[in-house]
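*Asks:* Using the sequences and the accompanying hints, generate a full structural model.
If you're matching positions, the sequence shown starts at 1 in the working numbering and goes up one per residue.
Just so you know, these hints were derived from the structure itself, not from any lab.
None of these values were measured; they are calculated from a predicted model.
A few of these clues could be false.
To be verified - Okay, the calculated beta carbon distance ranges per label pair:
#  : residue 1 : residue 2 : range
1  : A154      : F53       : 28 to 34 Å
2  : C67       : D13       : 18 to 24 Å
3  : P169      : E137      : 21 to 27 Å
4  : R157      : D134      : 18 to 24 Å
5  : F53       : G121      : 32 to 38 Å
6  : P118      : W159      : 20 to 26 Å
7  : P118      : K57       : 27 to 33 Å
8  : A45       : E137      : 32 to 38 Å
9  : P94       : D68       : 26 to 32 Å
10 : D103      : D22       : 16 to 22 Å
We treat Cβ as the ideally placed atom computed from N, Cα and C, and that holds for glycine.
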Amino acid sequence: MTKQGTIATERMDGPAAAQAEDAFRLICAEAFAEPSCNETEDDVAAAFCRFPFQFRKRSFRAASARCDDGEPVGMAYGWSLAPDTAWWDELTEPVPDDMRREDGHRTFGLMELAVRGPWRGQGIARRLHETLLDGIEAERVLLNVHPDVRAASAAYRAWGYSKIGEARPWGTGADRHDVMLLDLG
Numbered sequence: 001m002t003k004q005g006t007i008a009t010e011r012m013d014g015p016a017a018a019q020a021e022d023a024f025r026l027i028c029a030e031a032f033a034e035p036s037c038n039e040t041e042d043d044v045a046a047a048f049c050r051f052p053f054q055f056r057k058r059s060f061r062a063a064s065a066r067c068d069d070g071e072p073v074g075m076a077y078g079w080s081l082a083p084d085t086a087w088w089d090e091l092t093e094p095v096p097d098d099m100r101r102e103d104g105h106r107t108f109g110l111m112e113l114a115v116r117g118p119w120r121g122q123g124i125a126r127r128l129h130e131t132l133l134d135g136i137e138a139e140r141v142l143l144n145v146h147p148d149v150r151a152a153s154a155a156y157r158a159w160g161y162s163k164i165g166e167a168r169p170w171g172t173g174a175d176r177h178d179v180m181l182l183d184l185g
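*Replies:* In C-alpha cells:
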C-alpha cells in the first residue's frame, strides 16, 4: 500500500528536533525493525538515549517529512564532525591522514535517514536528504549504511556517494557497515 497526499519536508534545528523526538523515534522504530536492519525496541531506545546530547551540538540539523494531516513519514539528521571525531577510527582499514583530517566544518556526518515503509518509493528520502544538506558549508558528507539495506545503498550511490571503506560502528561486535562519502565540491 502506498500512502497518498501531500508530503511536506522541513529543516529543523536542535530545539525543533527535540520537540519532534517522539516522531523521530516512531519512524526509526518502524523503519529499522525490518529484516534488513533487524533493530529491536532496545536498539532504538539506546539510540535515543544519545539524542539529547546530539541535538544540542552547535552544528546539528534535521529534516522531517509529514503528511498534510501531520502524520510523520520520514526524518534525517546529522552534524559536522569535530576535529577529534572517532568516526575514522572505526574503519576496518586505515585511510590517508588527509582524508581523516577534520576541523569541525569539513565533513557533515549524516547519522540517520529513514522513511516509513508505506511512503517509500516516492522520492521522500531524496527530498529529506536535499532539505537536510541545503545550505551547509561542508566540503563533504559521510555516512554509514548496512550493506544488507540494498535500497538505501543504491539510493546513496545514485545521489553521488562512493564507498570508501567499511566500519564497525559502536565497537568490534557490531556488523560491518559500508562507509560512504559524498564530495560536495
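*Asks:* So does P94 sit 26 to 32 Å from D68, Cβ to Cβ?
*Replies:* 49 Å Cβ-Cβ, so the 26 to 32 Å window is violated.
*Asks:* Do the Cβ positions of P118 and W159 conform to the proposed distance bound of 20 to 26 Å?
*Replies:* With a Cβ separation near 22 Å, P118 and W159 satisfy 20 to 26 Å, so the hint holds.
*Asks:* Taking 16 to 22 Å as the hint, is the beta-carbon distance of D103 and D22 inside that range?
*Replies:* 34 Å, violated
*Asks:* Should the hint that C67 and D13 are 18 to 24 Å apart at their CB atoms be regarded as holding?
*Replies:* 22 Å, holds
*Asks:* Range hint 27 to 33 Å: satisfied by the CB atoms of P118 and K57?
*Replies:* The hint (27 to 33 Å, Cβ to Cβ) holds, given that P118 and K57 are roughly 31 Å apart.
*Asks:* Return holds or violated for the Cβ distance of A45 and E137 against the range 32 to 38 Å.
*Replies:* At 34 Å between Cβs, range holds.
*Asks:* Honestly, do R157 and D134 meet the 18 to 24 Å range at C-beta?
*Replies:* Roughly 21 Å apart at Cβ, these two residues keep to the hinted range, so it holds.
*Asks:* State, for the Cβ atoms of F53 and G121, whether the hinted interval 32 to 38 Å holds or is violated.
*Replies:* Taking Cβ atoms as reference, F53 and G121 lie about 34 Å apart, which means the hint holds.
*Asks:* Are A154 and F53 spaced within 28 to 34 Å by their CB atoms?
*Replies:* At roughly 32 Å between Cβ atoms, F53 and A154 fall inside 28 to 34 Å, so the hint holds.
*Asks:* Range first: 21 to 27 Å. Now tell me if the beta carbons of P169 and E137 are that far apart.
*Replies:* Once the Cβ atoms are compared, 25 Å apart, the range 21 to 27 Å for E137 and P169 holds.
When held up to the earlier numbered hints, the structure conflicts with 9, 10 and fits the remainder.
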